[in-house]
Every structure is written in structure tokens, then in C-alpha cells.
Amino acid sequence: MPSSALFSAAIEQAINRLLSLDSDSKARLSRLNGMRLYLFIDPLPNAICLVFSTQVDVLTEYDDHSDVVAKLDDKSCCIQTRVSTLPSLKDTNQLTRLIQQGELTVDGALSVAQQVSGLFQHLDIDIEEIIATNTTDVFAHSLVSAAKTLSEKARTGSEMVSRVLGNALVEEKQLAAHRLAVMHFSDNVNALRDDTARLEARLNHLESTRSKS
Amino acid sequence: MSDPQSTHSNDTSTTHFGFKQVEKNQKASLVAEVFDSVAAKYDVMNDLMSMGVHRLWKRYTIDCAGVRPGNQVLDIAGGTGDLTAKFSRLVGSTGKVTLADINLSMLKVGRDKLRDRGLVGNIDYVQADAEALPFPDNTFDVVTMAFGLRNVTEKQNALDSVYRVLKPGGRLLVLEFSKPTSEQLSKLYDMYSFHILPKMGQLVANDAESYQYLAESIRMHPDQDTLKGMFEKAGFDQCDYQNLTGGIVALHRGFKF
Ligand SMILES: C[S@@+](CC[C@H](N)C(=O)[O-])C[C@H]1O[C@@H](n2cnc3c(N)ncnc32)[C@H](O)[C@@H]1O
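Chain order of the listed sequences is A and B. As numbered in the numbering used here, residues 10 to 222 make up the first sequence, in order. As numbered in the numbering used here, residues 7 to 263 make up the second sequence, in order.
Don't take every hint at face value.
[Stated by the list, open to error] Here's a subset of chain A near chain B, in silico, CB distances under 10 Å, partners left out:
(1) Ser13
(2) Ser17
(3) Cys58
(4) Val60
(5) Thr63
(6) Gln64
(7) Asp66
(8) Leu68
(9) Lys80
(10) Asp82
[To be verified] Chain A side only, calculated, beta carbon under 8 Å to chain B, not exhaustive:
(11) Ala14
(12) Ala18
(13) Ile20
(14) Gly43
(15) Ser62
(16) Thr69
(17) Tyr71
Please keep in mind that the hints were generated in silico from the structure rather than gathered at the bench. Model, not experiment: these values are computed from the prediction. Where is the CB? At the ideal position from N, CA and C, for every residue including glycine.
Okay, chain B solo, but in the shape it has when bound (with noise of 0.2 Å):
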């Protein structure tokens, strides 16, 4: 894996949009092209694609936030709402949930979908950047990115962000494809996300480019130690890691104290 800290510096005018280069302007506009042509089939392409798995993994990122009832969650790149139907159950009606994504598309869906399982009430949608946060310092108790990471510009200037809007003793989640631990697996995975998948989204949502640019995207992903280092430089503190599925996927945690 090249070192991704090269290519998005913040003195550099490029970064990569997958395995392309492209001008820092333009990848969020190019991130959101993929969205935007994504979300209408977004859920069935996740359970598809992970096998179903993509819910444990949730499923296991909730279970390690430690929400608790009347607590203030950020749900960042929340996209079409997992985490957050989750969570607006968990905080009750004491707390608040906010559903936060650069993209309105992704964004409505969500909101229609959460709407239509009868979660209102106390439910925010804001769409916003990860890395400019519209909210004051020391805010949320709480705050999760689940697979919302990858496609930020300046993902040092994300979790500059999430910390800034913390409170003290909150925590960030982050969940994002990471590196598989085992040669083979990494053999295996490659085989899997650059040929079966973007055959899949081809034939299922009649789009393989996005799904050419997930697997590219996930490639050039910082790896555990050096997402955990950008934690770190961040501010956090307590930061680690657990890989989940072999380190397909990894969940980074960190506190602010």
C-alpha cells in the first residue's frame, strides 16, 4: 500500500480519487457523483457486497460507543442511517442523534427510510463536511464514521473536526476497510473487490465504476497504525484498534479527555 499521508498533505494541490490523481478541488465533487448515482440502491449493494457482514460490523461499532440514554450522538457520513436508527432508540427521548453527510442524496434517503420505521423526534439531519463541522466545540458525547473516512479530502482535517466538537470524555468511532492481516486473505480480497465486485455493482446497480472506485478507494486507505497515528496527532487519547474479519475492516476508538 503507498503511504497515504504523501498523496493528501496538505501542501500538495493533488490527491487521489481511488487509484486516479486528481486536483484537491475537485475529489469531493467526484465523491458525491458516486453517491449521488449510489444511494437509491445503496443498502441492497452493502448487504450484497459484505455478504450481510457490513451489520455486524455495525453491530459491534454500536456496542462499542456506550451510548447511553440522553446522550448528544454524531453520526458522521451517516449516509443512509444504520448507526443512527440504532442510536436514537438508545439516547431515547432525552438525547439527540444527528445525521450528518456531505450528500443530500444519500442524506434523504436516510431520512425516508428512518421516517418510515417510525424514528422522529429526535432525529437530526444536517448535511455538512466532515471536515468543517457546522457545530460548537465540545458538543456530542458520541461520535461514529462508518465507512465515511475513506472518501474525506483532508481526513486529518476530519478528525481535527470530530475532536473540536466533542466533549470532554466523548468518544470517536471510526469504521473503515482497512488492511487484511494475512497474505492470503489480502490475495483473496483483492480477487474479490477488483473483479467480482465491480461486476456486481454492473449487474445490480448498473454502475461499475463506483464500485471501481470502492475497491480503489479502500486500497489507498491509511492503514491501522497510521489512521491510529492520525488519532493521535488529532489529540486523542486512549487511541486503538481492533480488526474485524481478518482486518478487511478495522474500528478505530479514541477519547477526548
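Extracted from the complex, chain A is given alone in its bound form (with noise of 0.2 Å):
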């Protein structure tokens, strides 16, 4: 037992401070208020279940994957997979062939995963404005001219990305991409686009704080 409690124990405290790092969490995280996400991560000796409310509970889970799977609702979701397939599932492109081949199941609904997965990737912990503050004005400058830059590009080759595949995702029917997948892909394009434009705005009060000065 005391293993099983430490691991959630920590992992519980790892993401609530996570998300206490930014505050618009709270209003993500409540759009998830009462869903559960079940994950089974071979070769972990027990499953986890994070409940969502006010913040997120990680309860060890102790009964079998079917059982488990017999109990989902339609707030609840669970996913099987291994530790080591952990690092694919990041490229949201193969997770057709993921499931295909076995290495990934997804049970319940599908929007509570995407709306989990919604949470941690929209995470926006402010480095950045962190980093002007804590340093001298000069270094400051470059940092944003540098990071100015790089948004633009980002928000170019977004827009593109999201243009070519968005068009192909729709003439092409028979390209047939798994909905997770589709779901990830469309969530990682706004959450990218969310990124640009909040990066955006926090460049424009730096340089406003800056010019002040």
C-alpha cells in the first residue's frame, strides 16, 4: 500500500502545483468539474483515476481494465497503454497507428480525454515575463525581439499547417483519421494559436512597461 499511496500522493501534488502556476487553469479545470480519466500504464502495478473538482485527485485504482471499462459513464474515460509508448502519444499523427497496432485503447468519452489532454497543453506558466522581470533591460529587449520573431513565425506556419491539413482532413475522406486523433490535432492547433496570441499580448505590455521606464 504505502507505495501505491506515495506515487499517487505525489503525482496528485505534481499537477495541482502545476496548475496553480497558471490561473487560467481554474477555468479550464471546470469545464472538467466531475469527470474521470482512468489510465492503465503497463508495466505500473496500478492504474491511476484523476478525478476533477475544484482541483484533481489521483485515486489508486485496484480493479481490472474490464472492470473498469464496465463502470465509464459519460463523464468518464479510460486509457491502456505502455510507459514506453508514453513518448509517441505527444506526436498526435500516430496515434491511429498506435491504436491500430494495439499500443493504445481508449474506452467512454473521448472528450474527457481531449479535454484533460486541453488542460496541461494549454498550460501557460509565465516564464517569459518572468525572465524580463528578473533581468536587466537590455538582455530584456533582445529576449523579446528574439521571442517576437519566433511568435510570428509560429502563428505563419500554424495558420498554414492548420489550412493545408484542415482542407485535407475534408476532401479527403478516405484519409479516415481516427477521431482522437483529429480531436488532438484541432487541439493542438488552437492551443497554438492560443499561444501566439497570448505570448503576443504579453510582449506588447512588455515593451509598453519597458518604454514607460
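Make one complex out of these two single chains by using the hints.
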């Protein structure tokens, strides 16, 4: 017991600490209120269940995968995969292949998995602003310019990728990407767009405070 | 360990209060004095005495409780509300948690703590004796009792009472100090609880006596198998227990079908 309880306690603390660094995460978390995400990650001895409310509670799940799947409702989702597969999950293009190869199983409400991924992908931790307020004006200025260029590039890139792939998905029905992959993809594009917008707003704010001083 | 049953069967007029024998009708007020006295420092002392491990024992209890959104949960002898806090988030707005305790001071500390954490809306606070729970039959999906049962005068009455208020299909979890499974651990544990614990109680809470009672009441509590037998006597099915930390603590579980 203590090791599984310790493990879930550590994950719970880490997740909530991370979320507390971004004030916007409260609103995203509230949209997940009452939802549950079960994660079976081989070879971890026990599954965990993330329960969303005003915070994230992490429970150790002692039931088998089939029992958990049997009790899923429209507010819960269960993902089964391997530790070694986790890095590939970031690449949403691979999701269909992983599912086909049996490396990833998703049961229940896909929207829960999607919103949970949104909760973490949209994390907006103010590293740039922290750096700017803690460094010299000159350094902040060069950082701001470099970041601005990067942000513009990212925005143009994301819009282009989104347009091209959006068309491909609509026109090429036979492409039939897995629903989850599509949802993840659009989620990523939105995230990138949000990120760029936020970065731009912050840069403008920084520049205005800099020019005032 | 002496047979705990012999000292508090219904036909004797005395029971144990720690290692002392007292009149049965005195025990509740003596226990009340202990918890009135420790209420304010209870959480701090818990962390200190168990070196934080009580949090893991409670976490395991919550994992085994299988609480679902919409459930009705009773946390009896809930004290300062550690289990209730988590249950409140797990049952959500469609469920309810009842934090019940015989002691008003503990209940107040619990209520203030939970309110400060923003946990409002789905928690009821009820002053109640585990031996005579003031709830209708078949009310709760899950009942938990953490570190409370050993303080109850007639433990069997408490188990019977919980059985009555559980819904069919519901479960009871009792987390309580128990009997270490190894001789060495037992010796070490005795040394800790009879020598170090009261000193810590004196130092931090200025109250060695209450912590002496704690150590004694642990020794007088039924061991794992005796308690399992008491669950069965109350009518519970599929009764089992898990030793935690070498049996220093055990989690007993039983279902009402
Ligand atoms: C050691 S505390 C445990 C509090 C909490 N459950 C925890 O684990 O932190 C024991 C609690 O049992 C309560 N208690 C003692 N006798 C009781 C009884 N007969 N009925 C209900 N509660 C009782 C005390 O008031 C006290 O709050």
C-alpha cells in the first residue's frame, strides 16, 4: 500500500502545483468538474484515476481494466497504454497507428481525454515575464525581439498547417483519421494559436512597460 | 493482548479506558475529555506522531472506498475531516458526505478547516454517537471510520448501527490501529508509543495524559481477526482486512448485501 499511496500522492501534488502556476487553468479545470480519467500504464502495477473538481485528485485504481471499462459513464474515460508508448502520444499523427497496433486503447467519453489534454497543453506559465522582470533591460529587449520573431513564425506556420490539413481532412474522406487524432490535432492547432496570441499580448505589455521606464 | 471482548461485553458493568477499568457509562465522557483536550492540536500531532504516514493510510482507505459521483457517504468519528475533504470532491454536487462525530470540539475544528478550503455545499455536520446513529435505515453507500472505533464503548453496537444505515450493496471501511505482525516491530512500536509518544504529546500539546491514553487504547483494541469476527457478527459479508505498515494499522472492510 504505502508505495502506491505515495506514488498517487506525489502525482497529485505535482499536478496541482503545476496547475496553480497558471491562473487560467482554473477555468479549464472547472469545465472538467465531475469527470474522471482512468490511466492503465503498463508496467505500472496499479492504474490511477484522475478525478476533476476544484483540484485534481489522484486515486489508485485496484479494479481490472475490464471492470473499470464496465463502469464508465458519459463523464469518464479510460486509456490503456505502455510507458514506452507515452512519448509517441505527443505526436498526434501516430495515434491511429498506435490504436491499430493495440498499443493504445481508449474507452468511454473521448471528450474527457481531449479536455484533460487541453488542460495541460494550454498551461500558460509565465516564464518570459518572470525572466523579463528579473533581468536587465537590454537582455529583456533582445529576448523580447527574438521571441516576437519566433511568435510570428509560429503563427504563420500554425495557420498554414491548419489550412492545409483542414482541407485534406475535409476533402480526402478516405483518409479517415481516427476521431481522437483529429480532436488532438485541432486541439493542438488551437493551443498554438492561443499560445501565440498570449505571447504577443505579453510582449506588447512588456514593451509598453519598458518604454514607460 | 488481553481479550477485548471480555471487558466490554454487554453484561459487564465496566470497560477499559486505556489500561484503566471504568464504569461503562463513564467512558464516553472520559473519551470526550481526551478529544476536547487534543482537538486544536490534533492535526499537527497526527503528522508528528505518525511522521506523516497517517496520510498514506487514509489515502489507501479512500482508494478502497470506491466512492462514485452521487454517492451518500458517512464519515463516522470523522473528527477534523481528512477523509471527508476528499470524499466531498469525489461525490461531487450530486452526492453528499456526512461528517459525524460525538465530540463537538473536533467537529468544529473539522468544519472550520473544510470551510476554509472552500468545501461547502455537499457536507453535513452531525454530532452523533456511533453506537446509535441518528439516520434512517439503508441511507449510505459507503461508511468509513478512521481511528474512531477503539474509542467507542460498545464496539459491536457501533458495527450493528453502521450495518443498519448502510444501503444494500454498501460497504464499511474501518481504519484502526491494530497488532503488528512481527515480534521485533511490536517491541519497537511499544517503545515508541509508551516512551516517546507521551513525551511528544507533552512537548507539543502540553498533554502527556491524552497521548498515554492513545497508546493504551491501541493496545486494548481488538486484533485483526477479532475485529473481522465482529464485522461478521454484525451481518457484514465478504469481510477482509489488510495490514498496513506491518500491522501497526489495519483496514477492515465488509459489505452489506
Ligand atoms: C483519533 S480521532 C480520528 C479522527 C479522524 N477520523 C481522523 O482519522 O483523523 C477519533 C475521533 O473519534 C471520535 N469518537 C469517539 N467516540 C465516538 C463515538 N462513540 N461516536 C462517534 N465518534 C466518536 C472522537 O471524538 C474523535 O474525533
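Now for the hints, and whether the structure bears them out:
1. Ser13: holds, 8 Å
2. Ser17: holds, 7 Å
3. Cys58: With a minimum Cβ separation of about 9 Å from chain B (threshold 10 Å), the hint on Cys58/A holds.
4. Val60: holds, 6 Å
5. Thr63: Interface hint status for Thr63/A: holds (6 Å vs cutoff 10 Å).
6. Gln64: At about 7 Å, which falls below the 10 Å cut-off, the nearest Cβ of chain B leaves the hint on Gln64/A intact, so it holds.
7. Asp66: Given a least distance of 6 Å, the restraint on Asp66/A holds.
8. Leu68: holds, 5 Å
9. Lys80: holds, 8 Å
10. Asp82: Check passed: Cβ of Asp82/A comes within 8 Å of chain B, closer than 10 Å.
11. Ala14: holds, 4 Å
12. Ala18: Status holds, d = 6 Å.
13. Ile20: violated, 12 Å
14. Gly43: Hint holds; Gly43/A Cβ to chain B Cβ min 5 Å, cut 8 Å.
15. Ser62: Ser62/A check passes; min Cβ-Cβ to chain B is 4 Å, inside 8 Å.
16. Thr69: The hint holds - Thr69/A has a Cβ within 8 Å of chain B, the shortest such distance being about 5 Å.
17. Tyr71: At about 7 Å, which falls below the 8 Å cut-off, the nearest Cβ of chain B leaves the hint on Tyr71/A intact, so it holds.
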